[in-house]
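Visitor: Residues per chain, in single letters:
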Amino acid sequence: MTPTQLPARPADVARLLAGPGLSLRTGPFVYRLRARGVPIAEPLSLLYAGCPLAEADGFHDFDVELVRSGGVRRWVRPQVRFGFDGLRPFEPLPLAHAFPLLEWAMNWCVSSQVGTWLLIHAAVVERGGRAVVLPAPPGSGKSTLCAALVHRGWRLMSDEIAMVALDGSGLRALARPVSLKNRSIDIIRRFAPEAVFNEPVPNTQKGTVAHMRPPAGHAERVDVPGQAAWVVFPRWREHAAAVLTPRDPAETVVDLARNSFNCPALGRAGFQALVDLVRASRCFDFEYGQLDDAVEAFDRLATEAR
Amino acid sequence: VSLPAAPVGAAGAAGLERRWRSNPLVDVHVELLGPSCAAHEAVSGQIAALEPVDAAVLALVDSQGRSTADIVLALAQEAALAVGPELESSVNEALERLAERGWIEGSAAPG
Chain A
1 MTPTQLPARP ADVARLLAGP GLSLRTGPFV YRLRARGVPI AEPLSLLYAG
51 CPLAEADGFH DFDVELVRSG GVRRWVRPQV RFGFDGLRPF EPLPLAHAFP
101 LLEWAMNWCV SSQVGTWLLI HAAVVERGGR AVVLPAPPGS GKSTLCAALV
151 HRGWRLMSDE IAMVALDGSG LRALARPVSL KNRSIDIIRR FAPEAVFNEP
201 VPNTQKGTVA HMRPPAGHAE RVDVPGQAAW VVFPRWREHA AAVLTPRDPA
251 ETVVDLARNS FNCPALGRAG FQALVDLVRA SRCFDFEYGQ LDDAVEAFDR
301 LATEAR
Chain B
1 VSLPAAPVGA AGAAGLERRW RSNPLVDVHV ELLGPSCAAH EAVSGQIAAL
51 EPVDAAVLAL VDSQGRSTAD IVLALAQEAA LAVGPELESS VNEALERLAE
101 RGWIEGSAAP G
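The listed protein sequences derive, respectively, from chains A and B.
Throughout the first sequence, residue numbering follows the working numbering, covering 1 to 306 in sequence.
Throughout the second sequence, residue numbering follows the working numbering, covering 1 to 111 in sequence.
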């Protein structure tokens, strides 16, 4: 019988991964994850603790496999490949990078395959039903800010992909682990000592990478949607004061489109979803240097009258 | 419609005779968002921010073709603006920007 939740013991997770597969449900998607001899069971059981599992013989949106490379690479400098629906779209990575590869691959599955939502490269956090969309290029401090906010009263909806409903029904959550890099890992460890991380993986394409588990109760509320109330483009700058600067709504539509994974493919429906998102939101650029100041600025936003 | 400042008389009399028509190969949809507009061109997927005057001028250019002078008059009538060199310049600049995007086409400039 399939367990209904991710087993707490890594050995049980490894057995499912090596056997029929782990039918992991995150938000609206079900992944079938398979892996044999690839070290992902421990971080999976740690970071996805309590995550619901779907029926093994039910519908799966994405069939994902992590496979160890063959030949001499089985023994010398072992590697791991990502397989998706029988395809192997990327070059192999060192075996030690297996868990970051899995997380990137799971994001890739959504960003490259899903056409039923408008997808924006952005973090999303929510409070009192109102959501902040935080679009930003890598290096802007988006994930660090997101990780800080979700330990100060905001709910994690997504760290990487904002899912905007095309019918105006709001934002859908994914509530997967937050990816942090390099200095951000220790910054969040100091900021939120209760945060749970897997063992950092050094020397990846993005430097040292660690993933942070969604705070308790966030993954359980993954099916609760949020209504967009703010679009905030964050930018971290050392010693900068936390300042929210209003931005032009039409320019915001253009910039969100640039950060979107699938807006061109969605045509006018995608454009209309962007326009509706911006109409429902107050739009800002946000520069910050200290997380405490940033959280205070967001708390002020949250107390604004509706 | 609030018009951006423009150099007086930039269009010139010859510019007022120039004819413009919408590009039949594009499909532009404009949404007003507070002080500015966002536009989507369906064929290319291009999304752009527009000045409101550009959006208004785009709405006045049809597939049959109109002269700059016609467009200035139509805009003045519909938006209750005074016809003059400032409006002519603003319209001319908007037409040039729209033509640069490929959303409208102009006849060869006279002279």
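None of these hints come from the bench; they were simulated from the model.
Treat each hint with caution, since some may be false.
Between beta-carbon pairs, the in silico distance windows are [what the hints assert, rightly or not]: (1) B:Asp62 with A:Ser111: 33 to 43 Å; (2) A:Ala280 with B:Ala108: 23 to 33 Å; (3) A:Gln113 with B:Ser44: 17 to 27 Å; (4) A:Gln205 with B:Glu78: 52 to 62 Å; (5) B:Val43 with A:Ala280: 22 to 32 Å; (6) B:Ala42 with A:Ser111: 34 to 44 Å; (7) B:Gln64 with A:Asp223: 52 to 62 Å; (8) B:Pro24 with A:Pro89: 55 to 65 Å; (9) A:Ser111 with B:Gly102: 26 to 36 Å; (10) A:Pro246 with B:Val83: 29 to 39 Å.
Negatives, chain A to chain B, calculated, CB over 10 Å [claimed, not checked]: (11) Ala8; (12) Asp63; (13) Glu199; (14) Gly217; (15) Glu304.
Glycine included, each C-beta is placed from N, C-alpha and C at the ideal position.
Visitor: It remains to establish, for every hint, whether it holds in the given structure.
Guide: Hints versus structure:
Roughly 40 Å separates the CB atoms of B:Asp62 and A:Ser111, a value that falls within the hinted 33 to 43 Å. Separated by about 46 Å at the C-beta atoms, A:Ala280 and B:Ala108 break the suggested range of 23 to 33 Å. Under the hint 17 to 27 Å, the C-beta atoms of A:Gln113 and B:Ser44, about 24 Å apart, fit the expected range. About 56 Å separates the C-beta atoms of A:Gln205 and B:Glu78, a value consistent with the hinted range of 52 to 62 Å.
Evaluation of the 22 to 32 Å hint for B:Val43 and A:Ala280 yields a pass: the beta carbon distance comes to about 28 Å. In this structure, B:Ala42 and A:Ser111 break the distance hint of 34 to 44 Å, their C-beta atoms being roughly 23 Å apart. A hinted range of 52 to 62 Å for the beta carbons of B:Gln64 and A:Asp223 is consistent with their spacing of about 53 Å. Between B:Pro24 and A:Pro89 the beta carbons are some 39 Å apart, a value that contradicts the proposed interval 55 to 65 Å.
The hinted window of 26 to 36 Å between A:Ser111 and B:Gly102 holds, with their beta carbons roughly 29 Å apart. Distance hint for A:Pro246 and B:Val83: a CB-CB separation of about 35 Å, consistent with the stated range 29 to 39 Å. Residue-level check passed: A:Ala8 sits 46 Å from the nearest beta carbon of chain B, beyond 10 Å. Once the 10 Å rule is applied to beta carbons, A:Asp63 is consistent with being away from chain B; the minimum gap is 30 Å.
Taking the minimum C-beta to C-beta distance to chain B, about 42 Å, the non-interface status of A:Glu199 holds against the 10 Å cut. At roughly 36 Å from the closest C-beta of chain B, the C-beta of A:Gly217 stays outside 10 Å, upholding its exclusion from the interface. With 10 Å as the threshold on Cβ separation, the claim that A:Glu304 sits away from chain B holds: the shortest Cβ distance comes to roughly 17 Å.
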